[in-house]
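Asker: So the sequence lines, in the order shown, correspond to chains A and B. Per our numbering, residue 117 is the first one in the first sequence, and the count goes up by one each step. Per our numbering, residue 117 is the first one in the second sequence, and the count goes up by one each step.
Quick caveat, the hints were computed from the structure, so don't treat them as lab data. Hints may be right or wrong, so weigh each one.
Computed far set for chain B versus chain A, every beta-carbon distance over 12 Å [unchecked claim]:
| no. | residue |
| --- | --- |
| 1 | 203 |
| 2 | 315 |
| 3 | 373 |
Using C-beta positions, here's what the derived DEER-type ranges look like [stated by the list, open to error]:
| no. | chain 1 | residue 1 | chain 2 | residue 2 | range |
| --- | --- | --- | --- | --- | --- |
| 4 | A | 199 | B | 249 | 15 to 23 Å |
| 5 | A | 132 | B | 249 | 58 to 66 Å |
| 6 | A | 377 | B | 419 | 29 to 37 Å |
| 7 | B | 177 | A | 396 | 51 to 59 Å |
| 8 | A | 315 | B | 346 | 45 to 53 Å |
| 9 | A | 377 | B | 280 | 48 to 56 Å |
| 10 | A | 407 | B | 280 | 48 to 56 Å |
| 11 | A | 254 | B | 213 | 55 to 63 Å |
| 12 | B | 312 | A | 315 | 39 to 47 Å |
| 13 | A | 392 | B | 213 | 28 to 36 Å |
| 14 | A | 278 | B | 128 | 47 to 55 Å |
In silico contact screen, one side only, chain B against chain A (beta carbon under 7 Å); selected entries [as the list claims (entries may be wrong)]:
| no. | residue |
| --- | --- |
| 15 | 172 |
| 16 | 333 |
| 17 | 352 |
| 18 | 355 |
| 19 | 366 |
| 20 | 370 |
| 21 | 385 |
Remember, predicted model here, so these are calculated numbers, not experimental data. Heads up, the beta-carbon is just placed ideally off N, CA and C, and yes, glycines get one too.
Protein chains: 2
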Amino acid sequence: MVQARKWVYAHEYDGQPQTSNLQLVTENIPDTLQDGEVLCEAVFLSVDPYMRLFKVAVGDVMQGEQVARVTASKSDSFPVGMMVLARLGWRSHTIVSNTSILEQLPPLGELPASLALGAVGMPGMTAYFGVEEILKPVQGETVLVNAAAGAVGSLVGQMAKIKGCKVIGYAGTKEKCDWLKDELGFDAVFNYKETKLQDSIKEAAPEGVDCYFDNVGGEFSSTVMFNIKQFGRIAVCGQIDEYRYDGKPQTGPLVYGQMLIKQLTMKGFMCRHYFQHWPEAKLQVINWIKQGKLKYRETITEGFENMAEAFVGLFHGANTGKAIVKV
Amino acid sequence: MVQARKWVYAHEYDGQPQTSNLQLVTENIPDTLQDGEVLCEAVFLSVDPYMRLFKVAVGDVMQGEQVARVTASKSDSFPVGMMVLARLGWRSHTIVSNTSILEQLPPLGELPASLALGAVGMPGMTAYFGVEEILKPVQGETVLVNAAAGAVGSLVGQMAKIKGCKVIGYAGTKEKCDWLKDELGFDAVFNYKETKLQDSIKEAAPEGVDCYFDNVGGEFSSTVMFNIKQFGRIAVCGQIDEYRYDGKPQTGPLVYGQMLIKQLTMKGFMCRHYFQHWPEAKLQVINWIKQGKLKYRETITEGFENMAEAFVGLFHGANTGKAIVKV
Numbered sequence: 117m118v119q120a121r122k123w124v125y126a127h128e129y130d131g132q133p134q135t136s137n138l139q140l141v142t143e144n145i146p147d148t149l150q151d152g153e154v155l156c157e158a159v160f161l162s163v164d165p166y167m168r169l170f171k172v173a174v175g176d177v178m179q180g181e182q183v184a185r186v187t188a189s190k191s192d193s194f195p196v197g198m199m200v201l202a203r204l205g206w207r208s209h210t211i212v213s214n215t216s217i218l219e220q221l222p223p224l225g226e227l228p229a230s231l232a233l234g235a236v237g238m239p240g241m242t243a244y245f246g247v248e249e250i251l252k253p254v255q256g257e258t259v260l261v262n263a264a265a266g267a268v269g270s271l272v273g274q275m276a277k278i279k280g281c282k283v284i285g286y287a288g289t290k291e292k293c294d295w296l297k298d299e300l301g302f303d304a305v306f307n308y309k310e311t312k313l314q315d316s317i318k319e320a321a322p323e324g325v326d327c328y329f330d331n332v333g334g335e336f337s338s339t340v341m342f343n344i345k346q347f348g349r350i351a352v353c354g355q356i357d358e359y360r361y362d363g364k365p366q367t368g369p370l371v372y373g374q375m376l377i378k379q380l381t382m383k384g385f386m387c388r389h390y391f392q393h394w395p396e397a398k399l400q401v402i403n404w405i406k407q408g409k410l411k412y413r414e415t416i417t418e419g420f421e422n423m424a425e426a427f428v429g430l431f432h433g434a435n436t437g438k439a440i441v442k443v
Numbered sequence: 117m118v119q120a121r122k123w124v125y126a127h128e129y130d131g132q133p134q135t136s137n138l139q140l141v142t143e144n145i146p147d148t149l150q151d152g153e154v155l156c157e158a159v160f161l162s163v164d165p166y167m168r169l170f171k172v173a174v175g176d177v178m179q180g181e182q183v184a185r186v187t188a189s190k191s192d193s194f195p196v197g198m199m200v201l202a203r204l205g206w207r208s209h210t211i212v213s214n215t216s217i218l219e220q221l222p223p224l225g226e227l228p229a230s231l232a233l234g235a236v237g238m239p240g241m242t243a244y245f246g247v248e249e250i251l252k253p254v255q256g257e258t259v260l261v262n263a264a265a266g267a268v269g270s271l272v273g274q275m276a277k278i279k280g281c282k283v284i285g286y287a288g289t290k291e292k293c294d295w296l297k298d299e300l301g302f303d304a305v306f307n308y309k310e311t312k313l314q315d316s317i318k319e320a321a322p323e324g325v326d327c328y329f330d331n332v333g334g335e336f337s338s339t340v341m342f343n344i345k346q347f348g349r350i351a352v353c354g355q356i357d358e359y360r361y362d363g364k365p366q367t368g369p370l371v372y373g374q375m376l377i378k379q380l381t382m383k384g385f386m387c388r389h390y391f392q393h394w395p396e397a398k399l400q401v402i403n404w405i406k407q408g409k410l411k412y413r414e415t416i417t418e419g420f421e422n423m424a425e426a427f428v429g430l431f432h433g434a435n436t437g438k439a440i441v442k443v
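Just chain A, with the same shape it has in the complex (with noise of 0.2 Å):
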């Protein structure tokens, strides 16, 4: 038998995620392998945001992707030694019977594996359609985004200045600013805990915005939504300031007005859509990288057994850029 451990959702949340919430549980797990199965053991595990949002049941194991290493097998296309990315969960052992969950890593080459789980993950692939499909700014345009040292904000402000914009990044400590400003080249980056976001906008856009990149919702979407510029586009790509109130509608100006006189489009998406046209984009993403045009954080928790403090962290700004779990 195998020992593995596991990340069960306990208690249903109230309001932001507690580490109470999860259950870490221990179970044995066989260590013979039918035909055609393969043992995989998480290397690195992803804690995104979005797993507040769309919650597994009571009881069951958190969702989530994990970069594994393939540690017994009986297939052929997955030989010992391999590694995979799968959304196995939050699970530091799996067998795996369907063969057909598990993808090869991008061509990273040198760069960490880690990077399946963000900049060339889903986290990068959620910038990158929500930049060029959704957005679509043009150069000299002005595009907004917060959460901006986080992984999807810090990879979304990078693409913006690549096409030639005026970037304007909200975070939340003055050391992810500093990253931002002098590492990123961002041109405006204000720590949203002590400016306000009215008069910030205003500074660093005084004819307002083209383009809005909302990671976070609520009111501080309300308050850039009435500094939008005519044909102005905003992706609302997350809503961390939202989910812990689980669907239960938060009032605020209503911006319907704001839709129509400015004649703006608003586009809720989230990067499964685009799923087909992954694979170039994350070449794209890879090249970036390489090329130094694109740079990337991680903030690592070491421990499978640290997994829901990692998580936790998130909806209180401990991570820059992507959030990984180390086995």
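The hints should help you fit chain B onto chain A, whose structure is shown.
Answerer: For chain B alone, coordinates are given in the frame of chain A:
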């Protein structure tokens, strides 16, 4: 001299328009024309809700389109007797120096010239491009439209029916609802004053609506937003419930979360954006009318002196179909 009349925006609106906000003014204009000038005499004038949204300055003549007859001319291109369409404002007589602002009427044939202000004019183009370019409904989809017996809404519903959609309409009197259901072939029609919106949507579209054509805004829109399907589209065309607030944001449920989890697209638009495609769109509308596929109504107010009353009536649902003033 010619005795002309015009309507001036005399006193700032405080909420919904009142006739006391507007003032009828008589003036004498010269009856001798310079070379190239024409004298236009209004035949039909348009009153539209947008005139409340986009206000002129106090003291200025009310803006708007009219169908006029050329009654004196020193221009070879616009001989006496010719009918033209132009944004001349709420004026009975206008001397036009720059004749480039005069348009020929669309090829209406036997149809009334007033249609150039309605189904074959701005409201028709609004409906057409809102359906064709913003909502893009396909056969079998469900389309919801409010102010459904209005100049725009009544056309939107019929254009969606032409595309093979299921159409749900909301209007404010039994007579309007009967017209929509019995004559225009809407699939489900509700009197919004007598029905709970949430319940009626659930009844008519238990699985939600695919497309929402919004002429109203406010609370109505928020309720619909929570009853839209995955990948739904929202055309924000009018906000007649909101204009009275003069841009002061109203509060209500925030919809960013709905935008995200359902991957919705919301687009504010004005039909002028598609101006270069109006000629072919007008031909299409004329053909549909001639084929009996598109029906229209006009609520005609007789007398230039009653124009303010016709305008005020828009905000109380006085009109069915297009509100027109006949001089």
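Asker: Against this structure, judge whether each hint is valid.
Answerer: Hint-by-hint comparison with the structure:
1. No beta-carbon of chain A is positioned within 12 Å of the beta-carbon of residue 203/B; the least distance is around 19 Å.
2. Every CB of chain A is more than 12 Å from the CB of residue 315/B (nearest about 18 Å), matching its label as outside the interface.
3. With a minimum CB-CB distance of about 5 Å to chain A, residue 373/B fails to clear the 12 Å threshold, and the non-interface call is violated.
4. Checked against the given bound of 15 to 23 Å, the beta carbons of residue 199/A and residue 249/B, roughly 46 Å apart, lie outside it.
5. The supplied range of 58 to 66 Å is broken by residue 132/A and residue 249/B, whose beta-carbon atoms lie about 41 Å from each other.
6. The hinted range of 29 to 37 Å is satisfied by residue 377/A and residue 419/B, whose Cβ atoms lie roughly 32 Å apart.
7. A hinted range of 51 to 59 Å holds for the C-beta pair residue 177/B and residue 396/A, which are about 57 Å apart.
8. At about 38 Å, the beta-carbon gap between residue 315/A and residue 346/B misses the expected band of 45 to 53 Å.
9. Judged by the Cβ atoms, the range 48 to 56 Å given for residue 377/A and residue 280/B is violated: they are separated by roughly 33 Å.
10. Residue 407/A and residue 280/B have their C-beta atoms about 50 Å apart, which keeps the hinted 48 to 56 Å range intact.
11. Restraint check, residue 254/A to residue 213/B: a C-beta distance of roughly 39 Å breaks the suggested window 55 to 63 Å.
12. Under the hint 39 to 47 Å, the C-beta atoms of residue 312/B and residue 315/A, about 42 Å apart, fit the expected range.
13. Distance hint for residue 392/A and residue 213/B: a CB-CB separation of about 58 Å, inconsistent with the stated range 28 to 36 Å.
14. Checked against the hint of 47 to 55 Å, the pair residue 278/A and residue 128/B passes, with Cβ atoms roughly 48 Å apart.
15. Interface restraint check for residue 172/B: the shortest CB-CB distance to chain A comes to about 16 Å, outside 7 Å, so the restraint is violated.
16. Given hint, residue 333/B at the interface with chain A, holds; its Cβ is 4 Å from that chain's nearest Cβ, closer than 7 Å.
17. A least Cβ separation of about 4 Å between residue 352/B and chain A falls short of the 7 Å threshold, and the interface hint therefore holds.
18. Taking 7 Å as the C-beta cut-off, the interface hint given for residue 355/B holds, the closest approach to chain A being about 5 Å.
19. The criterion of a C-beta within 7 Å of any C-beta in chain A is met by residue 366/B, whose closest approach is roughly 5 Å, and the hint holds.
20. The closest approach between the C-beta of residue 370/B and any C-beta of chain A is roughly 5 Å, which is under the 7 Å cut-off, so the hint is satisfied.
21. At about 6 Å, the closest approach between the beta carbon of residue 385/B and any beta carbon in chain A falls short of 7 Å, and the interface hint on this residue holds.
Hint compliance for this structure: hints 3, 4, 5, 8, 9, 11, 13, 15 are broken, all remaining hints hold.
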